[in-house]
Every structure is written in structure tokens, then in C-alpha cells.
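Visitor: Each chain, letter by letter, is given below.
There are 4 protein chains.
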Amino acid sequence: MTTHRFVATEWHNVLGTRPAAFTVASGDTVITETLDAWGFDKDAVQRQPGPNPMNGPIFIEGAAPGDALKVEILRMTPNRATGWTRSSLAGNVVDPESVRDLPSRETVTWSIDRQAGTAQLQPPVKGLEHFVLPLEPMIGCFGVAPSMGQAFSTATSAENGGNMDYRGFGPGATVWFPVAVEGALFFLGDCHAVQGDGEIVGTGIETSYEVEVRLTVEKGRKLVWPRGESATEIFSVGNARPLDQALQHATSDMFNWLCTEYGLSKTAASHLMGQVVRYEVGNVYDPAYTMVCKIPKQWLPTK
Amino acid sequence: MTTHRFVATEWHNVLGTRPAAFTVASGDTVITETLDAWGFDKDAVQRQPGPNPMNGPIFIEGAAPGDALKVEILRMTPNRATGWTRSSLAGNVVDPESVRDLPSRETVTWSIDRQAGTAQLQPPVKGLEHFVLPLEPMIGCFGVAPSMGQAFSTATSAENGGNMDYRGFGPGATVWFPVAVEGALFFLGDCHAVQGDGEIVGTGIETSYEVEVRLTVEKGRKLVWPRGESATEIFSVGNARPLDQALQHATSDMFNWLCTEYGLSKTAASHLMGQVVRYEVGNVYDPAYTMVCKIPKQWLPTK
Amino acid sequence: MTTHRFVATEWHNVLGTRPAAFTVASGDTVITETLDAWGFDKDAVQRQPGPNPMNGPIFIEGAAPGDALKVEILRMTPNRATGWTRSSLAGNVVDPESVRDLPSRETVTWSIDRQAGTAQLQPPVKGLEHFVLPLEPMIGCFGVAPSMGQAFSTATSAENGGNMDYRGFGPGATVWFPVAVEGALFFLGDCHAVQGDGEIVGTGIETSYEVEVRLTVEKGRKLVWPRGESATEIFSVGNARPLDQALQHATSDMFNWLCTEYGLSKTAASHLMGQVVRYEVGNVYDPAYTMVCKIPKQWLPTK
Amino acid sequence: MTTHRFVATEWHNVLGTRPAAFTVASGDTVITETLDAWGFDKDAVQRQPGPNPMNGPIFIEGAAPGDALKVEILRMTPNRATGWTRSSLAGNVVDPESVRDLPSRETVTWSIDRQAGTAQLQPPVKGLEHFVLPLEPMIGCFGVAPSMGQAFSTATSAENGGNMDYRGFGPGATVWFPVAVEGALFFLGDCHAVQGDGEIVGTGIETSYEVEVRLTVEKGRKLVWPRGESATEIFSVGNARPLDQALQHATSDMFNWLCTEYGLSKTAASHLMGQVVRYEVGNVYDPAYTMVCKIPKQWLPTK
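Chains as they are written, first to last, in this note's numbering: chain U, 1 to 303; chain S, 1 to 303; chain F, 1 to 303; chain Y, 1 to 303.
Calculated from the structure, these hints are not laboratory results.
Incorrect hints may have been included.
[To be verified] Covered stretches of chain F (chain Y as the covering partner; in silico rule of three or more C-beta atoms under 8 Å from a C-beta of chain Y):
| id | segment |
| --- | --- |
| 1 | 76 to 90 |
| 2 | 95 to 102 |
| 3 | 202 to 208 |
| 4 | 212 to 219 |
Glycine included, C-beta positions come from ideal geometry on N, C-alpha and C.
Using the sequences and the hints, build the whole thing.
Guide: Right under this line is the structure:
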């Protein structure tokens, strides 16, 4: 189990089958610095146009179609003193009339105090003088190459992951992606210092990060959608529009998970989910929305 | 401020302008026993066909169109030793293929241990022997008469409330409804002992309850959608299909709330919501879905 | 079979169980003058506020829950020299950004030439000097009282009909509604001189009309959704959001129709619909959208 | 202007940036034989797995990002005596309960009488003995490489075209695609002998075809979505889910078309569309649905 430092020199605006930029063994750890959503690095130099330039792809030895790629998010360290957000709720998450008079593409700067672990609007906005937010880092966009030679913009998401903007993808979380090509081809980037559910202004606090992830192949798990685990819950992720469809994908996947890997009958899985399921909203701004279906671990049968 | 005991003798399957069954002053407290979703009372006698028979309407003196009816849920005490749920995930929350072989309308019984405060499948289902759930009571369906003489089935929800099945509507919560008729005409029923997010098997643990609520008129608040408050958060509720539309209604309402009652500019409200908003899913089974948009109180400006 | 002239003296903004304004026998014909969507009559006098004030309800003797009410639209004669429309595409049928700079509620006047059978903007708008439209009258909103004492605003639609704004509801069409209460309680109004699919500016050319309909009870047909017939097609109507859901309702209803009244097996009905079905879009502006599923009569088996 | 015969020897299951299989000059005509949706050719030999293997890509000289590729469908000649369809309505276009007992993936054979120009179930199904359908050939899936190196499965559709399954894409129609890469990279295949709106059994009558198209570059038209033209109408195509979103894309595109290329003001375009717009439904089976927004040419201002 080696720890590698991967210094990206080119970036991608799609997740697809591209030549490997870096190769690791299953179980290895990778430390890499990501650009922000517009491609600016820790020195505020734009290295690649947006949207969401990705480091990678990282080829994981031994990964083959049908396997799962396990991604453990070990650490996320902000490496710039500023981030940025948009200033208006997106037109698709509210009655469009209500934001008709706001400048929809304007952005503002946040100072990031890495000592204190907080972010604050710079300059503060009237009424939000108290608004000093603790950092809650998360990876906005990551995933693997999709099947059949497809390639998807980092502005959206699908079975292979992508721009899911789920707050649960932070340090301590484990995520599994369905491997569709040799080596899995893992991409990551677009980290946020803070973000509300849904990314409803179209951004979190967008900045550059140093990220440490451990990448492990799990053979033959035959996933369809991304899955994950926190200290207290397991979860399935659905990416689609409308939100109902994303919810259906995530719920179907959790149902299948409980019936296959946890050995429950369909009836038992229905009872379990029916009374203890929890949902969280990922991105509701992009072409595909993200819904997360969660089960607290305390209610899981022993595997 | 009087406390009344309201013994219902007839029940309603719609929320509409119906003759008042009971009249109270603003600020009074009402204790009443509700039927379960199929109309069975605490003695397992069916008093009214389903869906979701409502106690009421309760006329609150002084309530007029444009006011808000504040409903404080003070206490919910289960008064029957059993509840029931459906045994299959609903066909609209998953890939319909995955539940094709389940009996979609079958129900099972749960024993409710009022001493221990728990519920358990009776008999237990294989794999769920450990599944003893703490009671988390909530009101599935409540609200006021809608505007213009409309009347809506208790199987759905709208601006006036209705069958929202949101887990947050339990003891300790405060809810406000937009008053559309003289006296507000408040209805309630369909209490659940436990429920997962979304009511994705089409039921929570359906049983009868004794409920204690305080009903207070707040003049001229001109609400559009239900709003609420817990110990730690304020929230707006949207009811519509698809879930995206429910989310839009809830998000618009919170945006308006912050701009009017909390005095934020649209830009400040956008920043606040963008970075700290949280969503929770209510009913995703009925004709109208429910989405709840929440802001932690710690981030609110002083009113 | 009598022909009645029904002169409305009050109007309704909901379809619900209201006292009968007029009673006819099954098979009778009714001639009545309708108000426009804002309640203005043929003399441009506002008789009732909007939305879509309805004449009725008309009680049809012998109609009982489970029956169908057959409505033959025999004639529609405009009785005013002007109509009106909104001037901007609705914000929900386009990218909201694209109409941000249009006055969303502004209306304009159309002159209606009853001799020539045409309508024209008054004054003409630059670039549309040639825009003289042949009248294609249709009933925007009609239907019967819904079940269970429900009552729905004339701004929306449901199983009982309502504001469907389907261009096919013009002279020559036959429509069946599911009867849910004694007497059916038929309402009609909101006629349009012309309208594009979807009512995408929020209006057709709104004006007052003299309408002649024949109302006949068909016993025990147990409809769920409105159905209809033109010279060349039969059709089922679904009303819901999103449009996908409306399409599902209409398609399910046509499938049931072919399997029950036309005696096809489910497989045969699938083959028939799969290769010859046609869809048309009704209202896509209101809370519930309307989709129409059609089968050309030439492909129907003999009943 | 040359006419080429392009004999495909490999096929693609994605539309993306792939090496050109054939190169033509702008204005040239191409004749090519397509496989059916599962990759079977005119001799019933499977040459490539499904879904929807594409001939191409064809590189059109001079085409550059920002241009439009004009595709005139000159001729479609069936070259096999059989086609096939699925036997059940798809679970997403109806209440899933109603097709629970049908074999969802079963297929049946249709004989294609190229002399008579008809298709018929082989053997006939009871109740459909009269069901002899005139051929109405159409291209199910065609388009160009998308932007940014993206690549999309032929099971879906997007801005670049793809599996739109619109009945209007038959002989006589002209279609324009937004060029995103040098040479446009045009793909086509998946022809249908007959198809109902929506492809609601998941297939049209799937068979192999000889297709003749003329391919012409129109410089700098800066399209976003596919557009087209029949003898009597112009149309814009939107591809997305839900159907509402597809309708919004198509409607926005038509609005932009009328305002830019036809010189109408936004208000004039709103009036025109509001009263004469027509919609048609393309695919409602795949991950992305297709909606077509049409304006009769008779109402267009002189360009």
C-alpha cells in the first residue's frame, strides 16, 4: 500500500475513456491538488477552462468491468485563502419570477481562514455580518469512466458518478463506483469548502483543495449506481431528472443492495426501508439531479 | 387559554369548507383522538371509510383570510396496541420491475409497546428479528380549508396542507397554515407511530392517537404555503408533483420568508440559503409530493 | 329530447358539488352563453371574477356515480367582437431567462370578425401584419363534480375534467366524463376563439360564446378519466404534472378502453397502440397539465 | 455534388468523436444501408450488438463548430422482408400495474411487403386480423458528435440528436444539427418501417433500410438543438426528461429561431407561437424524452 503524490498537468471536462494520467495499485493512496470549478489553482492561476476540470484519469491496476472502485476520502485540506460563489438562487429551484431582478451570473468572494476553519463573505453583505461558516469540505465532482465508450460532461452526472454535489462526499466517507472499463479510470476535482443541500445558487464555496483518497478494487460487485458509507449510514445515489427519477434510481439501488449483499427478502427490505429510510438531496441545479437514499447502520442485518 | 377535549362524531375525507364541528378561541388547546388511515379507532372499530378520515373542522374564532393559523403540536400519545403498514415498496418510488412480484396491497400488523415506546412487526419477519423501532409519532394529514370553496381529498396535499406525511410534524413542532376562510377550519388525523422519509411503502405505522395541539391566530401574515419550526430550524413546505416542483415551491417560500419577515435582501437571502439550506422529503407516494426547505436557526438574522 | 336555453345568473370558480342551477333529462340539448376567462360577458360587463367562471352546474336526470356523461359539442358561436390574450410566453414553457424582459401579465385585444370567421390583433404587431387567424372555437374548461365532495379550482384539471384547454374540444367533438355524484353536475365556460397547443401564453383568444351541447347519460361505464371522439379518432385524456404523468394516465386509460370496450387482449392492445398511437398536448400552463392519447378509428376492431 | 455509396464495416453504439469512416464534401449525397436496432443487417446477420448501431461517422468537409449540418432525407427503402417489435407497452408510459402480467421483453415478427408498402404481424394476433399498416419509414437515431469530447449512448438523445424516434424524420424532411467538432461527424441508423408516437412499446417496426441523405454545411448558424422542416412546417426538437423539460427546450429554441432568423420581436414571437404552435411527441421510452415544437409555414413572416 503506497502513498503517491499525483501532480496533474492536464485536466478534463468530461469523464470518459481517456489515456491514464497516473497508475496505482489497488489499495494505494493518492494525494493530489484539485482546481476549482473554473479551473483556477491554489495560486489563482487558471490552468484549464471550466466546467469542473478533473484531475485524472487514474488507472487502478486490476480493475475490470463489473468490479467496484472503492474510494475512501481520507483528507481534504484547502490550499487557497479564497473561494467564490454565485449571488442568486438558480432560476430552476424557485419560481423564476422571484429572482427575475437578480444578476444571475454574478459571483462574490469568500475569505477562507484555514487556521480557524471558517469561511466568510468578503466584504460581508448587509444582514449577514454574523455569517461565519465552519468549513465542511466535500468533493463536488468525481467518478469513473462510463460504459460503452460514453463520455459525460463534468457539468452533469450519471451511473458513473460525476457532478453530484452531495454534501456527504467529505472526509470520512467511503464511496463505491461501478467500474466499466479496464483500470476504472478515476477522475476527481471541483471541491467545495461549504455547500448547502442542492447547490441551489449553482455553486458551493468553490476553491482549490489538496485531497487524499485511498483507491481499492472490489472484484465482481456488479454495481449500477454509486454507493457510499458514512460512520453511521450506508447510502445509494441516483442521478437523473426529474428529482423523482433520481429518487427512484437511488431507492431501487438500496433495495437491491439490501436483497443481495444483506440477504433480506424483498418483503423484509420493504419493511426496513419503509420505516427507517432517509433521503438527502444532492445537486438540483445541473441537467441531472442527485438524490441519496440512506439506511442507518444500526438497522442493518449482519452481513 | 382553555384546554378543550374534542370528541369527534363524524369525520371527513376532504379538507374543505364544511360546517364547524367544534369552536375554540385563539390560543386555546384541543385534545382529540384521531382514527387511523382506514378510519379505525382505538378500539379497532371502523368509524369512517378511508382515506385518512379527519377530525374537525375546528373553527378558530377571529381567524380570517390572510391570517396564519399557528398549530403547536404539544403531545401525541398512542392509544392502541397495534398499527399496520403495507408490505411492499410503492411502484412509483422504484423501478416498477423490481417489485413486480410483491403483493402490492398486503398489510401487516405491528405491536406497539406504549410502556417501552417501541413498535415491532408481529410476527417478526425473517432477517428483521432485531427490528424494534422507537416510536417517533407524527401527524400524517392536517391542514385548513383551502381558498375559493375548493375541497381536496385527504389522499393528497396542497397550499392548505393535507396529507404531507412529513416526519417533522411531531411533538415539539410548530406549524403555520395559510387561512383562507373565516375560522380557518382546521382538520387533523392520520397519525403515524413511525415512518421513514417519503412514506415509500404507502404507509407509516398507521394507528390511532390522542393528540394535543394549541391553535392560535396570527393576523395578516399572508402565507401561501405551510411553514414550520422545530427547536433548531425553521422550514417551508411545498406540495406538488414532480418533486422538483415541490422543491421549487418550498424554496420560493423560504426565500420570501427570509426577505419579508427576516428583512434580508434577495442577495443576502440567496447567500444564506445557498450555503446552509437543508432539504427533507415528505410524502413521495401520493398525487402531490412534499418537500421541506429548512434553515438552521443559528444562521438567521435577528428578526 | 328537448332543447333548453339556460341563462346563467351565477357562476362558479370551482367544479364541485353545488346546488343545481338547471336540470335536464338525459338526451336533452342545452344552449347557454358563457363568460370569458375573467368573467366578462358578451356586453363586456364583468359578471364574476376569474379564473374561468363556469355556467352551471346542470343536473342531468338519471346520472349516478359510475355512469358516464356524454357531452356532444354541437355548436359554438362567438357573441362578442373582441377577445384577449397575454403577450408573453409563460415562464414555465421556456427557459425563464428568455422571457425575463417581457411583461408577463400584459394583455392585448383581438378583433373577432364573425362574418369572416377570423381573429386579428388590434392593432397589429410589427411582423404579424399577415396574422389573420381562422376561428377554431373550443371549450377551455368543462367537466363534472368530482368524487367524495372534492371541489377543484377552474384554474386546474383532474379526473373530472376542468381546465384542460385541449384544442380538440370544439364543435363536432364528443366527450365523456366520469359521473361521481347524482345528476353529474355539469359545468362549462372559458371558451377560446383560437388557441395554440398547450395554451403557452397562458390564454387562447379569450371571449364569450354561445354554446350548444347535448347531454346524455350512459349507464355504468365506470370511467376514470375523460374520453372523447372526433370524426376520425377516439381519445383518452390525462391531467397531471409532470407531462409524463399526464401521458401515463391518458395511455393507461386508452389501454383499458381497448381491452374492455373493444375486447382486445393486453398484447393486442399493446401492438395496436405501439404502432398507431398519436398524442396531442392540452394545457401545459396550469398546475395540472393535459395530454391526449388518440387512436385513429380506422384501426379499431369492431366493437 | 456527388452521390456516394457508403458501405459501413464497423458500427458505433455511441455518438462521439470517433475516427471518420467516410468523408464527403458539403452538398454531397450519401446512400448507405443501416442495421436494425439490434445490429442485424438485410440478410438477418448480426453485425454489431445493440443498442442502435450507427453507420458512420461521416466527416463533412468544411463543417466547423458553430455551423449547422443540414440533412435532407431523400429516400428510405426497406431492404428486408421482416421487422420486429416488442409485445408490451413500456412500464414507464402507463400505470405499471396495468402491464404487470405482460412479458416485457418478448418480441414478435412483422412481415414487410415491399411491393404493397405494408407491414403485418406474423402470425396475426387475435383481434388485429385487419391490422395491415402502410409503411411510414423514419430514422430512429441520427445526429452528430457532441461538444467537449462527450459521447452519448445511442439509447438516448441530447443537443446533438441521437435516439429521438420522431415520426417526422422520414423522407422529405430536412433536419439541422448543431456542429460541435470539425467535420460534424454524422451518424445514422435504427430505421423504423412504422412507429406510433412515443415509441411506447420500446420499438417501432425495427428493420434494415437503405437510406439516401444529402449533407450540407451551413456556416455559423450557431444552433443549440436540432431543427427541422417538412413541406408545411418548421420545427425545433428538445431532448430531456421529464417531458416538460423537453418541451421547454423545444419551445425556447423555436422562440429563439423566430426572433433571430425570422426577425420577430419577442412579443410578436409570443403572439405567433401562442396561437398557432403545435407539439408532437417523439421518444418517451428512453432516458431522455423528445418533444417537437412546430409552426406551420403559412404563418411565418418572410425571412
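Visitor: Starting from the hint list further up, note which numbers the structure goes against and sort them upward.
Guide: 4
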